[in-house]
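Throughout the sequence shown, residue numbering follows this note's numbering, covering 87 to 232 in sequence.
It is worth saying that the hints were derived from the structure and are not from the lab.
Every residue gets a Cβ at the ideal spot worked out from N, C-alpha and C, and that includes glycine.
Warning: the hint list may mix true and false statements.
[Said to hold, decoys possible] Quick list of the computed label-pair ranges, beta carbon to beta carbon:
(1) Ala-176 - Asn-232: 35 to 43 Å
(2) Asp-172 - Glu-195: 17 to 25 Å
(3) Met-87 - Pro-141: 21 to 29 Å
(4) Val-107 - Gly-138: 18 to 26 Å
(5) Leu-212 - Glu-126: 13 to 21 Å
(6) His-125 - Leu-168: 15 to 23 Å
(7) Thr-110 - Ala-162: 28 to 36 Å
(8) His-165 - Asn-232: 26 to 34 Å
(9) Asn-232 - Thr-102: 23 to 31 Å
(10) Ala-122 - Asn-188: 34 to 42 Å
(11) Arg-229 - Ala-202: 16 to 24 Å
(12) Pro-194 - Arg-229: 35 to 43 Å
(13) Glu-104 - Arg-150: 16 to 24 Å
(14) Asn-98 - Ala-176: 22 to 30 Å
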Amino acid sequence: MIIGMLNGPNLNLLGTREPAVYGTTTLGEIVAHCQAVGHELGVEIRAFQANGEGPLIDQLHAWRGEVAGVVVNAGAYTHTSLALRDAFSATNLPFVEVHLSNIYAREPERRHSMLASASIGMVCGLGAVGYEYALRGLVQALRTRN
Numbered sequence: 087m088i089i090g091m092l093n094g095p096n097l098n099l100l101g102t103r104e105p106a107v108y109g110t111t112t113l114g115e116i117v118a119h120c121q122a123v124g125h126e127l128g129v130e131i132r133a134f135q136a137n138g139e140g141p142l143i144d145q146l147h148a149w150r151g152e153v154a155g156v157v158v159n160a161g162a163y164t165h166t167s168l169a170l171r172d173a174f175s176a177t178n179l180p181f182v183e184v185h186l187s188n189i190y191a192r193e194p195e196r197r198h199s200m201l202a203s204a205s206i207g208m209v210c211g212l213g214a215v216g217y218e219y220a221l222r223g224l225v226q227a228l229r230t231r232n
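Build the full structure now, drawing on both the sequences and the hints.
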């Protein structure tokens, strides 16, 4: 089983970007950890990060028929992108949403997710380890479905 890991804008700056909010773990470290967890679970991880909405959507289209599901941190697009939500629906890719910070304890504009209604679930506010929980939850949900 192959799992996609989709990361949106500014996540390439993790580790140095607002460490009080997002922590000091880099995206590379998160991906490496998820690849190790994936190995433990018997799944392969394919990671992708882009700062633009179009490349994120293009990657979802490319993963259609290739990955079984996606762990996604859409960054700010979480709160604004109906197009990204539509791409998940169009590709029929099951996904779990993950956020490093607790989006419900932040500014009002960050408290709504355009993706949540189409997701299997969401992990937020647990920092970098949230990616592992999202991955484990997604794999379990996919195996239960099959």
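Status of each hint after checking the structure:
no.	hint	verdict
1	Ala-176 - Asn-232: 35 to 43 Å	violated (22 Å)
2	Asp-172 - Glu-195: 17 to 25 Å	holds (21 Å)
3	Met-87 - Pro-141: 21 to 29 Å	holds (24 Å)
4	Val-107 - Gly-138: 18 to 26 Å	holds (22 Å)
5	Leu-212 - Glu-126: 13 to 21 Å	holds (19 Å)
6	His-125 - Leu-168: 15 to 23 Å	violated (35 Å)
7	Thr-110 - Ala-162: 28 to 36 Å	violated (21 Å)
8	His-165 - Asn-232: 26 to 34 Å	holds (32 Å)
9	Asn-232 - Thr-102: 23 to 31 Å	violated (40 Å)
10	Ala-122 - Asn-188: 34 to 42 Å	violated (26 Å)
11	Arg-229 - Ala-202: 16 to 24 Å	holds (23 Å)
12	Pro-194 - Arg-229: 35 to 43 Å	holds (37 Å)
13	Glu-104 - Arg-150: 16 to 24 Å	violated (34 Å)
14	Asn-98 - Ala-176: 22 to 30 Å	holds (26 Å)
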